[in-house]
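Enquirer: Line order of the protein sequences matches chains A and B. Convert by adding 60 to the 1-based position in the first sequence; the result is the number in our numbering. Convert by adding 60 to the 1-based position in the second sequence; the result is the number in our numbering.
In case anyone wonders, no lab produced these hints; they're calculated from the structure. One or more hints might be untrue.
Quick list of in silico lysine to aspartate or glutamate cross-link-like pairs, EDC-like style, CA-CA up to 16 angstroms [what the hints assert, rightly or not]:
no., chain 1, residue 1, chain 2, residue 2
1, A, Lys65, B, Asp313
2, A, Lys253, A, Glu214
3, B, Lys195, A, Asp170
4, A, Lys113, B, Glu87
5, B, Lys65, A, Asp313
6, A, Lys113, B, Glu117
7, A, Lys65, B, Glu174
8, B, Lys65, A, Glu352
9, B, Lys423, B, Glu392
10, A, Lys440, A, Asp390
11, A, Lys195, B, Asp170
12, A, Lys435, A, Glu352
13, B, Lys253, B, Glu213
So, partial list: chain B residues that the calculated Cβ filter (under 10 angstroms) puts toward chain A [what the hints assert, rightly or not]:
no., residue
14, Pro107
15, Trp109
16, Ser317
Ideal Cβ placement from N, Cα and C applies to all residues, glycine included.
Below, each chain spelled out in residue letters.
Number of protein chains: 2
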Amino acid sequence: MNISKRGLEIQESPIRKLKPFADKAQERGIHVFFINIGQPDIPTPQPVWEALKNYDEDVLSYGPAQGFLELRQAIADYFVAYSIPLTPENVIITIGGSEAIHFSFCVVADPGGEIIIPEPFYTNYNGYASFANVKIVPLTLSVEDGFRLPPAEEIEAKITPKTRAILLCSPNNPTGTVYTPEELERVISVVEKHDLFLIADEVYKEFVYDGASHKSILEYDEIKDRAIVVDSISKRFSCCGARIGAVITWNKDIFQSILKFAQARLCPPSIEQSIALAAYRMERDYFVPIREEYQKRRDVLYEGLKDIPGIVMHKPQGAFYIIVRLPIKDCEHFVRWMLTDFNLGNETVMVTPAQGFYSSSGKGKDEVRIAYVLKEQDLKRAIHVFKEGLNKYLSLFSK
Amino acid sequence: MNISKRGLEIQESPIRKLKPFADKAQERGIHVFFINIGQPDIPTPQPVWEALKNYDEDVLSYGPAQGFLELRQAIADYFVAYSIPLTPENVIITIGGSEAIHFSFCVVADPGGEIIIPEPFYTNYNGYASFANVKIVPLTLSVEDGFRLPPAEEIEAKITPKTRAILLCSPNNPTGTVYTPEELERVISVVEKHDLFLIADEVYKEFVYDGASHKSILEYDEIKDRAIVVDSISKRFSCCGARIGAVITWNKDIFQSILKFAQARLCPPSIEQSIALAAYRMERDYFVPIREEYQKRRDVLYEGLKDIPGIVMHKPQGAFYIIVRLPIKDCEHFVRWMLTDFNLGNETVMVTPAQGFYSSSGKGKDEVRIAYVLKEQDLKRAIHVFKEGLNKYLSLFSK
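Bound-form chain A, shown alone:
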């Protein structure tokens, strides 16, 4: 009696697996700067907490499978403000962006189906691929050119008869890259030519810097039937623990099918939907200072790292991550060493080895992902400690 193959093979979260070393460092009294995960320190907005205090029901009962209509309307309205004329009929509330990914994978592909995803990519796509028994076909991008998408022919070379969809994440976790309209249109022409779906993870939509803005795949009429958008309030409203996301589509067949998947799990959490509603009803200028804060942090991080000899990176245009190549053969060893063997005045830093963001074997071993989720002062200190640790490591271990 063995557990299933998928149960054995599903990847352990590469982000979480080094956490025990950080825990032990903390037990030894060392302060760890956590710039490894995308947990924002931005306070959850006050209207969310007020909605929580004002929640008033006698029975905490089931809601509709597709989510409460008011919330679906509020999300539609949020997109309308971006000139994307959604209605609640295009929006299904999900349990986090995670479930939106899972539903999207299941609705486009049967077991054995393939989904092309530029790598490095958000590692939890792997978990859902195992869950849904679909195969992720990586399209390898490179830190040298800032993870830009390759020419159409290179994307097309990944297509097989089993390919069902291409997934883009923009602004990108883990690279911080925001695809240009030209890049989106390149992919759109590929999905049209080869009759594929296009899934877009747009959860970092609000986090685009330098006055630029995010372009959604929902803005392209030519793929109205092919577009599936994965959305979430986690980062947008600093509500990671709420587990409220959405899957958005113009395609009525996709909507109906996802609705049936949604019925199987009954409904998203009721209380957390009501606080999400409060978040969406805030004024849009809520995002302005937050965007400015992250842009400042990005600049602090980028400027702080750029004089490291041998470092390769590009300035991120969005989200709050950067992938950097270090003059190190095995960054997982380095990250662990920083937690087990190094401290500077009782401080150390935890970043994430980038290997787990690649599905091509051996890729990303000399890269790390850094999340700029700390306040400026802490981030500056973290960068200083990181650089000192890196120097020490390089002096101990030759490349």
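Assemble the complex: chain A is given as a structure, and chain B must be docked to it using the hints.
Expert: Here is chain B on its own, set in the frame of chain A:
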């Protein structure tokens, strides 16, 4: 470009698909007694609401994938009070019992694997079977003998080389049957003999009547490595909208594998976990009056129905459902007619056609499921209206 086969084939919730007819009846000003779904009217306990008001965080952040330790400890303690010596290392918090079912299916079976489930069964098992691409093999039980389990040979006749597990739900939704220790032991000997897992949905554990008590599969040492229990606070604490459940296992491999599935969806909702903790910390006598209330309702329903000519049913021992066979060929037609064409003094009743609880084609067409989730007075009135409707229907449509 078509959506996936699983996306097309996943069953629409048979419980929810007649809801639009009820909505229309209400729009016509008719009062509908809803005894079709298991949404208890019992108020969510006060400590839960107090925990909600007292929730105090700055950032609604991610929790651990396996759920908060305090809640896992509280659930373990709840079972310890039943002399089942669990620790937090046996408990993973899930997003509702639904996710616990999904995880269980995925950890025991790969796509194409088979799980034997006595039918009629909780219809959402179908949704998760589609999701996980496992095949449910029904073991057909009968209303005539109160849905008791058949001899071991009949269960064994369903086993193929692809069989991975047997799933039991006790107290049962939709039949109200509580399996006896002898029935459990019969199934346990089958899973041992054929090297299978045993999944038990025990969410109605507290709802057992006439002074009897529920026996968990966790109490059998001989299947410590084979037992997986699906649990939920939805009915136990009248918290259906919280979406907090648990999967419980002694088997460390299963625990580790489910933990990896859990990491893919990051974490269960944080606020709802904290209110679940408050529920589990209540005194155990919380359940006494609730159990009495449901037992009274069961008796009211059973006594109210038993003089219907041609009816076949057995008195449920647990949960809050009953399956009754009516002298009607097509109960879906009857249920719809009750909503579209019938009313008694502007009142009508919605029950659920039982066909959707069977996966064997054609089974259950002459049965309905009734949930006794209304207060005594309302339930009595609902029974009266139901019987009048039934008489009228029988006079219009011969069998």
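Enquirer: Each of the hints needs a verdict: does it hold here or not?
Expert: How the hints compare with the structure:
no.	hint	verdict
1	A:Lys65 - B:Asp313	holds, 12 angstroms
2	A:Lys253 - A:Glu214	holds, 14 angstroms
3	B:Lys195 - A:Asp170	holds, 15 angstroms
4	A:Lys113 - B:Glu87	violated, 33 angstroms
5	B:Lys65 - A:Asp313	holds, 12 angstroms
6	A:Lys113 - B:Glu117	holds, 12 angstroms
7	A:Lys65 - B:Glu174	holds, 14 angstroms
8	B:Lys65 - A:Glu352	violated, 45 angstroms
9	B:Lys423 - B:Glu392	holds, 12 angstroms
10	A:Lys440 - A:Asp390	violated, 25 angstroms
11	A:Lys195 - B:Asp170	holds, 15 angstroms
12	A:Lys435 - A:Glu352	holds, 12 angstroms
13	B:Lys253 - B:Glu213	holds, 12 angstroms
14	Pro107	violated, 13 angstroms
15	Trp109	holds, 8 angstroms
16	Ser317	holds, 4 angstroms
Going down the numbered hints, you'll see the structure goes against 4, 8, 10 and 14, while the others check out.
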